[in-house]
Amino acid sequence: MAVMRMMGARVKRAEDPRLITGQATYVDDVRLVDLLYAVVARSPIAHGRIKRIDTAAARAAPGVVAVYTAQDLRFAGPLPNAWSLSGVHISRSDPLCTDKVRMVGDPIALVVAESRYAARDAADLIDADYEELPAVVDVERALEPGAPTIWDNAPGNQAYRVEVGDKGETDAAFRKAHTTVSLRLVNQRLIPNPMETRGVVAQWEPGPQQLTVWSSSQLSHLLRTNLAAILELPEHRVRVIVPEVGGGFGCKLNVYGEEALVARASMLLKRPVKWIEDRRESFTATIHGRGQVDYVELAVDAAGKILGLRCKIIADLGAYARINTEVVPTLSNLVLSGSYDIPAIYSELIAAYTTLPPTDAYRGAGRPEGVHLVERIVDAAAREIGMDPAEFRRTNFVAKDKFPFTTKTGVTYDSGDYEPALDLALEMADYPRLREAQRRINAGGQKLMGIGLTSYIELSGFSPSGAGGGIGWESSTVRFEPSGKVTVLTGISPHGQGQETTFAQIVGDELGVPFDDIVVVHGDTARVPYGMGTYGSRGTAVGGGALMKATDRVREKAKRIAAHLLEASAEDILFDQGRLSVKGAPDRVVTIQEVALTAYLRADKLPQEIEPGLEATATFEPTNFTWPFGTYIAVVEIDRETGDVTLQRLIAVDDCGRIISPLLVAGQVHGGAVQGIGQALYEGAQFDENGQLLTGTLMDYALPLAAGLPRFELGHTETPSPVNPLGVKGIGEAGTIAATPAVANAVVDALAHLGVKDIDMPITSEKVWRILQGGTTQ
Amino acid sequence: MERSIEMTVNGARGHREVEPRLLLVHFLRDTLGLTGTHIGCDTSQCGACTVAVDGEIVKSCTVFAVQADGADVLTVEGLAKDDQLHPLQAGFWEEHGLQCGFCTPGMLMAAWGLLKHHPNPDEATIREGLGGNLCRCTGYEHIVNAVQHAAQRHRPEHYGVEGDTAARVVREAERYGLESGAAAGGTRLADRAEREG
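First to last, the protein sequences are chains A and B.
Quick note on this note's numbering: the first sequence kicks off at 1 and runs consecutively.
Quick note on this note's numbering: the second sequence kicks off at 1001 and runs consecutively.
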């Protein structure tokens, strides 16, 4: 009987039975005896000195157990900023503000009570006085002379300035250009909004001196290391459990003040404490994404060859540097060559503080901004010289024989073959006929059609430790139990990505074990060896690398045991789908399950030189990032009368290297693309001049809904990555990176005849309507 | 201060003393320990808390527990019968209709309400019908597929709870002197039910 290989097959997820029956445990589902509830009181103003916080009424409220302000709680220092760039001003936040607030939503007090409702009631009784200071809500104004100072040690509000590429070379390329184009692009702030907000439960056990923290996080071990340091506890006295996590998208890739606050409260009160962020709170207390103003120019010759790219990136860091706040904009610099062989690149990146919530990693984290500016200016150049945008891209692609390709921004693409992905997308779109239809429709009538392309690259598989702050590697343990069941431990922290399934597929094939006999465990520092968590499309690319190494070691040991049992040499043992046989003697065979049983419970049969047990732990350090790529084509229709933009088609051709789970890859592309479409058409944080968030609830901040989206058209090319054992590249962020500029390019394409070169995102019907009425084009 | 309410939840009837302001979702989650129903927002936008009250779906963050006094409530935990997944649950599993799973209980219940009234919906009806529920992971397409999967296996008994939520919610709101969004929503539901006969 043929055994189906699991890798590459359409597999139903191992995670789902508990999730579809309501039996999963998210952090708010953790129930403990004597549990207390915490609510954080927050600043209603964006910028000011704290004059007085009166907690007396809150302390006296029914059910209240404790109220803490900054002076009541001892921490070793402010919250961590793991990847601080040299030269960056100190702008770390304390778990509770001490003397100043720098954003609406800054935490000023913690109320702990016997119930959720009592804690919330009491938090409303906290009375704080501030000496109000002017808010700084516009990143370009923050850098102007005379702007209010947010950090005393950062006069002028500049956090840092870095240059990438060669300015002289790039200026020279612009001097000899046939045509140059320029754009100012606002990459607006986004609010990540995973459907589950953040939440923490902490339980201090005074007897064993043990702190257990449940947190809705993308990290477990790094959170534990940092919490131990902040709380001045020995690290081995801290256990972090990441339970089921209801989405993260980067915003849970951090160490937040509430994690330290709730833990400290539990230690002081000797009772477990729970804090669950409410949605309104989440809009400011959790990080934001994006937030750049980008000035970009492209120089091309008469044949449409790109000669140089020059840009100035102004990044809005917000009020504080959280873990990745400063790093994220620098990732934009790394993707500025896009899919193109650009002979000269220069970028100046200036990062500045504002009195807004910190920006940090949000799906794509810096790469969407970089790819957006490249793909938008490429379209502008093609239009300027009258070349089809598809042909312009093809003309400038990095040639297939140039990989590994080192860009002028100093990074090296692992592998790539960009034309087949473009060709497939054009074929799926039936591009020539689509353009013909566009000409017909736009010639008159009620509608305008626009076609937008993006040929993206991204850097994924975070990361070689040398490029990732020393922490890019990943771990895995593969353990046979005596009964032949397999437990896999992984240091990644999936929260929807589905590696309980993907990793079981891999182990099933590699060890010849049925899918249902494999359980993948993650997110508990007491069970899983040290690992880095899930972010930057690294789960399968890096975590899978560690898994493959551990699996190889288990198989090799099984071969040695089988060789002994079968009285053959290990080199003569054939391993085929869980059966170990002697080369040339297929009837001399043992199963991997028999080997496992022997390894544990018949150790008397093992020779002296083989240790009992059948498990292996491995770590994997990638040699480079992976570089997924592809081409997206968006087709939009605009109603000339109302300005309504309808996304009619989205063709998504992704090359994410080898595909393990096609169904899960499709899910990642869909979800990623919709977040990208969200940025283009719906989402955007809006503040008033006082730093108040005007889009502070889900009534005011528009997230994409099921209606209004087309059925997506997916295609793939498969170019294996040479930098990990599986040849995978990662697919978690591709859709988000590619869809935004594809949709924006499509809208500009529809309106180009009116002289439109850009339109601020989110592209609402009102903005389009104003343009159609002859108003402003920017 | 506390009031005694009686409720049937997933077929089990019981009574509890509750604060009048206790939300139905907190009653289900904290009082009864049925944590399958989730809370994703505070403004009734996200739909993660969707349950059926007397056979009509409501957002349980917008209903007080006292308004559901006497009601028959169905939550995600009550969908599977005798260890047999409900066709919607099977559809979500088969079609990869979930990733992080947080919106899923609400999506399942919203889809339950949709298929109850529209056993054979076209794609646009499904997408409109899920308009009160947000998912941030899937991009919705696989959710649409999951609902279609369930619709193809439709049997009325999979959607059978008798009652009339709309009228009940309005009645209970009046009884307790409450003005709530749910009451307004209930009125709309009642209007719609009347229109559709």
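Quick caveat, the hints were computed from the structure, so don't treat them as lab data.
You may find that some hints are simply not true.
[Unchecked claim] Label-pair ranges, simulated between beta-carbon atoms: (1) ARG1155(B) - THR25(A): 29 to 39 Å; (2) HIS1118(B) - LYS402(A): 51 to 61 Å; (3) THR623(A) - THR1031(B): 50 to 60 Å; (4) LYS402(A) - ARG1153(B): 37 to 47 Å; (5) THR697(A) - THR1125(B): 20 to 30 Å; (6) ARG1153(B) - LEU434(A): 49 to 59 Å; (7) ARG1153(B) - SER182(A): 33 to 43 Å.
[Unchecked claim] Covered stretches of chain B, going by a simulated chain A footprint (3 or more residues, C-beta under 8 Å): (8) 1008 to 1018; (9) 1084 to 1096; (10) 1100 to 1107.
Yeah, the Cβ is synthetic: ideal placement off N, Cα and C, and Gly gets one too.
Report task. Could you tell me which of the numbered hints above are not met by this structure, giving the numbers in increasing order? Result -> 4, 6, 7, 8
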